[in-house]
Amino acid sequence: MNEVSYFARRIVSVVALTMLVSAGWPQLGHTQPAGIDPQAEKVLRRMSDYLAGRQQFTVKAESTLEAVLTSGQKLQYDSPATLSVSRPNKLHAHRKGDLANQEFFYDGKSLTLYSPRANLYATTAAPATLDEMLDFAREKLDVIAPASELLYKNAAEKMLKESTSGFVVGPSVVGGVKTTHLAFRAGEVDWQIWIDDGDKPLPRKFIISSKKVSGEPEFTVIMRNWDVAPKFTDQEFNFKAPKGAKKVEFLSLTSEPAKSK
Amino acid sequence: MKKFLISIVLTASVLCMPIASFQPDAPLRLRFVGNAEAIIGMPWTPLSFAGVARRTMYREAAWNAAAYNVAATNAATANMAYANAAAAQAAAANASAAQAAAANAQAAAAAAQRAAASLPIGTTVPYLPPNCNSTLINGVNYFNCNGVYYKAGFQGNNVVYIVSTP
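So the protein sequences, as listed, match chains A and B.
Take the first sequence: its position 99, counting from 1, is numbered 99 in our numbering, and each next residue is one higher.
When you read off a place in the second sequence, starting at 1, and then add 1000, the result is the number in our numbering.
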């Protein structure tokens, strides 16, 4: 690491911390410890274990994607999505907004991606469990399935595995909910997560900073309206082709190369 | 590390699977950027996106740029051909060999049309040109756009159209 920038950062962070402390946030008074703070790990694991134990849930996620223009100017794109999960093997996600409209169905047997705008869908046989399906979608289809990492039974394990440091930033209120704010560092990204302090330790906010990318753009998800006792039937997860919808292929599964010219 | 990135990013995708597929419902559909930024080389061309580690997103950005380059090149070719046609017509008006020149102009115009319409087989674009008809050939859905056939499919989270031979 560049020493100058390292020290510059330290100085900035010390100054920032001092300012915050003097602003009356004593929880921030400690310096960032090396490695992963056991308390941060504990809070993260509690969230992960809790979510892994929910058999059914729904949540609304509002994500913001930052794009950095060649001029250096940043733009943000917002996109709301709803997600329904029924363990061990069902998932339905719908992203609906001005910029995108897409549905993802997994019923334990097959996986379908549907684009209402184009009125096209693709279906393929899928593995029998949620965890396996998420891997399959990512590796074979290059489809980023919703909620992937948080949905894995060992979500915290996966997230901690390659993080080099992490600490508890302190208490924070997100969307009117009292949370604990955690911050972690990894090789390419820094990430932060806000976890509900209540008896339902759900993730409320999540940020990834691509720190080695020009402009250091961030990706943010705010999760609202968690429902861990939803009422839905299997219909929720079964795709029925709407009128006029045409079936196409997942290009990664066909021999035809899908390369741009 | 890479794995972590992907996973972290997947986490990010929390509930937003389609994150890599912003598709404005405009005639010229760009992902991530609106129509104002459609022109390659404009200052609006995105340099980077959050979560570039997201393989799909990274590829998406590069891939879009490539697609638009193809479109831009074709448009330029067509413009040039039209310009030639116009020049030929002007020449025709002045020259005594008017008939021959007019024929040349027509040929040039036709060439321009072909240049605008023809994309190499296998070219992948994120949108269809206007006036396409859906048609089923041997069980596969194609879009016939003025004689150019496109096959649709999902590339990652995104719908793309590939110039194909039915």
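A portion of the hints provided could be inaccurate.
Computed spacing ranges between beta-carbons, pair by pair [stated by the list, open to error]: (1) Ile1121(B) x Asp234(A): 53 to 59 Å; (2) Val1140(B) x Lys243(A): 16 to 22 Å; (3) Gly1122(B) x Gly198(A): 50 to 56 Å; (4) Gly1139(B) x Arg117(A): 22 to 28 Å; (5) Ile1137(B) x Glu157(A): 19 to 25 Å; (6) Gly1122(B) x Val173(A): 51 to 57 Å; (7) Asn1138(B) x Thr70(A): 43 to 49 Å; (8) Thr254(A) x Thr1135(B): 25 to 31 Å; (9) Ile1137(B) x Val173(A): 33 to 39 Å.
None of these hints come from the bench; they were simulated from the model.
Built from N, CA and C at the ideal position, the CB exists for glycine as well.
Okay, the hints, checked on the actual structure:
1. For Ile1121(B) and Asp234(A), the hinted distance range of 53 to 59 Å is not satisfied, since their beta carbons lie about 42 Å from each other.
2. About 20 Å separates the C-beta atoms of Val1140(B) and Lys243(A), a value consistent with the hinted range of 16 to 22 Å.
3. Remark: the range hint 50 to 56 Å for Gly1122(B) to Gly198(A) is upheld by a beta-carbon distance near 54 Å.
4. Take Gly1139(B) and Arg117(A): their Cβ atoms lie about 24 Å apart, and the range 22 to 28 Å holds.
5. Checked against the hint of 19 to 25 Å, the C-beta distance between Ile1137(B) and Glu157(A) comes to roughly 49 Å, which is inconsistent with it.
6. In this structure the hint that Gly1122(B) and Val173(A) lie 51 to 57 Å apart at CB holds, the actual value being about 53 Å.
7. As the Cβ distance of Asn1138(B) to Thr70(A) is approximately 44 Å, the hint placing it in 43 to 49 Å holds.
8. Checking the proposed 25 to 31 Å range against Thr254(A) and Thr1135(B) shows it is violated: the Cβ atoms sit about 19 Å from each other.
9. As the Cβ distance of Ile1137(B) to Val173(A) is approximately 58 Å, the hint placing it in 33 to 39 Å is violated.
The structure shown violates the earlier hints numbered 1, 5, 8 and 9.
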